[in-house]
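J.: Use the sequences and the hints to build the structure in full.
Respectively, the protein sequence lines represent chains A and B.
Under our numbering, residues 1 to 298 are what the first sequence spells out, in order.
Under our numbering, residues 299 to 579 are what the second sequence spells out, in order.
Please note that a few of the clues may not be correct.
Derived DEER-like restraints, expressed as beta-carbon distance ranges [stated by the list, open to error]:
1) A:18 <-> B:480: 43 to 51 Å
2) A:101 <-> B:526: 43 to 51 Å
3) A:99 <-> B:348: 16 to 24 Å
4) B:565 <-> A:178: 47 to 55 Å
5) A:44 <-> B:526: 36 to 44 Å
6) B:348 <-> A:275: 42 to 50 Å
7) B:561 <-> A:102: 19 to 27 Å
8) B:305 <-> A:174: 26 to 34 Å
9) A:48 <-> B:348: 46 to 54 Å
10) A:146 <-> B:340: 21 to 29 Å
11) A:178 <-> B:480: 17 to 25 Å
12) A:183 <-> B:305: 33 to 41 Å
For lysine to any residue, the following SDA-like pairs were computed, each having C-alpha atoms within a straight-line distance of at most 20 Å [stated by the list, open to error]:
13) B:480 <-> A:8
14) B:305 <-> A:184
15) B:478 <-> A:15
16) B:478 <-> A:7
17) B:478 <-> B:466
18) B:305 <-> A:188
19) A:203 <-> A:171
20) B:528 <-> A:184
21) B:478 <-> B:491
Hint data in this document are derived by calculation from the structure and do not stem from the laboratory.
Cβ atoms here follow ideal geometry from the backbone N, Cα and C, with glycine treated the same way.
One-letter residues, chain by chain:
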Amino acid sequence: MRRSIDVIYLGVATATAIVIAIAAAIVLALSIESSGVLAREGLGFVLSPRWSPSEERYGFYGVALPLVGTLAVGVQATAIAIALSVAAVVYLHEYAPRRVREAIGIAMFAMAALPTVVFGMWGLSAVAPLVREAGLGSLCARGSPTGQSVFTAALVVGLMLTPYASSVVSAAYDAVPFTYVEALHSLGAMGFERARVLLGMVKRSIAAAALLSFGRAVGETTIVALTIGSAFNLPLCPFEPAHTVSSLIASQYGNAFLYPGLTSALSAAALLLLAASAATTALGARIARAAVARGGEA
Amino acid sequence: MRGRSVKRRLVDYAVHLTTAASALAILGAASHILLSALVEGLPVLLRGASFLLNPPGPPGGEVGGVGPSLAGTLVTVAIATIASAALGIPAGVMLSEARGSLLARVAERAVELIAESPSIVVGLVVFTLLVVPMRTPSALAAAVSLSVVALPYVAAQVRESLAAIPLVYREAAFSLGLQKWKTVFLLLIPMNARGVATAILLGSMRALGETAPVLFTAGAAFQVFYGIDKPSSTLSLLIFFFAGTPYENWRRLAWGAVLLLVLLSMLLASLTRRLAGRVRM
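T.: Listed below in C-alpha cells is the structure:
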C-alpha cells in the first residue's frame, strides 16, 4: 500500500522536475550561447546601431535599431489592441443588441483560434497592399514601397491581440458588483456615463491587459517577420520598413553558423527578448491577479 | 441629476457610434480573414487527394499539394500532444495538489517562465540543444520544440480544473482512508476527465498553430517526408515560406494550406469550447 503511493508521487515529482529542468535549460542555454558576444560588445550590444556580421574577423553586433523597432511595434500594437477591445467591451455591455453581441462573440472566438501564420499571410496579402495603395509610404522619408512597414505589422499584431485583451477587460467589467450597475441605472446614467464610471473601476485590469498584450507583441515573430519589411532602419515614422528583434532572429538565424559571432549575437538578442517579455507579462499577470482579488472594486 | 440635455444625448450618441465602429472593425477583420482563406483556399483545397497527398509543384509550375508537410504536421503535433500531456498533466497536478510546497513553488515559476518565453526563443534553444548535436533539423526536434510551447497551457488548464473541484470530495476520500496521491488519480482526475481532455486539446491546438518554434528545428523539407529523425516541415512552416515567394502557384498552395490550417484549428477550438464551456485561449 505505502509503496504504490510513493510510486505515484515519484512519477508526478519526476515529471515536475523535468518541467523545471526545461525552464532552466532555456535560460542556461541562451546565457551560455550569448556570453561570447556580450563579453565582446558589452553594453554596445544594446546601444550600438551597427549590425554587420560579415565585417572583419568577428563582425559588429549592435541591436539598437531592432530594439527600437520592437518597442515601436509593441507600443503601436498594444495601443490598437487596447483601443479596440475597450471600445468593443463598452459597446457590447452598454449598447449592443443581443444578436450583435453574439455575432461579435463568435468573431472574437474565431480570431482567438486562428494561428498567427494565418494573420501573417493575411497581413502580407491584404493589409500591406492596402497600405501601399493608400500611399501612406509617401508620408515618410524612407516609406515602404511594398506596404510592409512598422504600422502594417503593428496593425495585424494588434488585431491578433484584440480577442485576448478584450477577454481580460471584459472579465473585469463583468466582475464589477451588480449593485453599482443598478445604482448607475437608477440615477439615470446614459451609456457613456455608465461606461466612464465602470471603466474607472476596472482601470487596473486594463493596465494589466495592456502589459500582457505588450509582452506577447514583443515576442511575436511570425506576423512581424512577414509584414514588417525587414530593413535596418530607425523607425521614427510608422510607414517605413524596419526590423524587430524577433524578425531579425527569424531572418538571420538560419544561416548564422556561416559567421563566427552571429549565433552568439542572435542568442543574446533572444535572451533580451525573453527578459522583456517575461518582465512585462509577469507584471501584467500580477496586476491582473491583484485586480481580481479586489473583486472589481479597484 | 441633470435631465437628458441635448449635450448629453449627443455625447452618448457619439460614444455609441465610435464603440460600434470599433466592434464592427473587429467583426470586419475577422470576416475578411476567414473569407480570404475561403475564397483563395477553397479552389486549391477542392483538388482533393492531389492537394492532400502530393508534394508542391516546381516554382512557377503546377500547384501540387502539401502532402509531406501535412504528414510532418500530423507527426509533430501528435508527438507534441503526447509529450506535453505526459509532462503537463503531472505538473498541473503538482501545482494544484501540493500548493505551497517547495517543489510546487519552483515549478510554478518554471511554468510561468516557459509560458512567457516567446516561441522563437524556444525554437532557438531546441536548435542549440538538439539540432546541433543531431547535426540535422528533424521532425523530432520540431516536436520537442512544440511540446515545450504547449506545455504551460496544459499544466495551467489542469491546475485550474483541479482547483475547481470542491474540497468535500477530497475530504470524503481521505475519510475513507484513501491517501493523497491516490485520491488525485483515482478520484479527482477521473471526476475531472473533461478538464484534462480540454487541457490536452488546448496543447494540441497550440502545437498545430505555432510557426516560430519550428522555423529552425524542422528543416524545410517540403518535397518528401523523410521520417522522424530527418529534415521535415509543417503546414504553418509551408505557409510562412511560400507566402512571400514570387511564384503564383506557391502562393496559391499557401492559401490552400491556410484554409486547411484554419479548418483544423477551428475544429479543435470548437471541440475545446464544447468540452469546457468558456476557455481563455
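J.: Going through the numbered hints above, which ones does this structure break? Give me the numbers in ascending order.
T.: Hint check: 1, 3, 4, 11, 12 and 20 fail, others pass.
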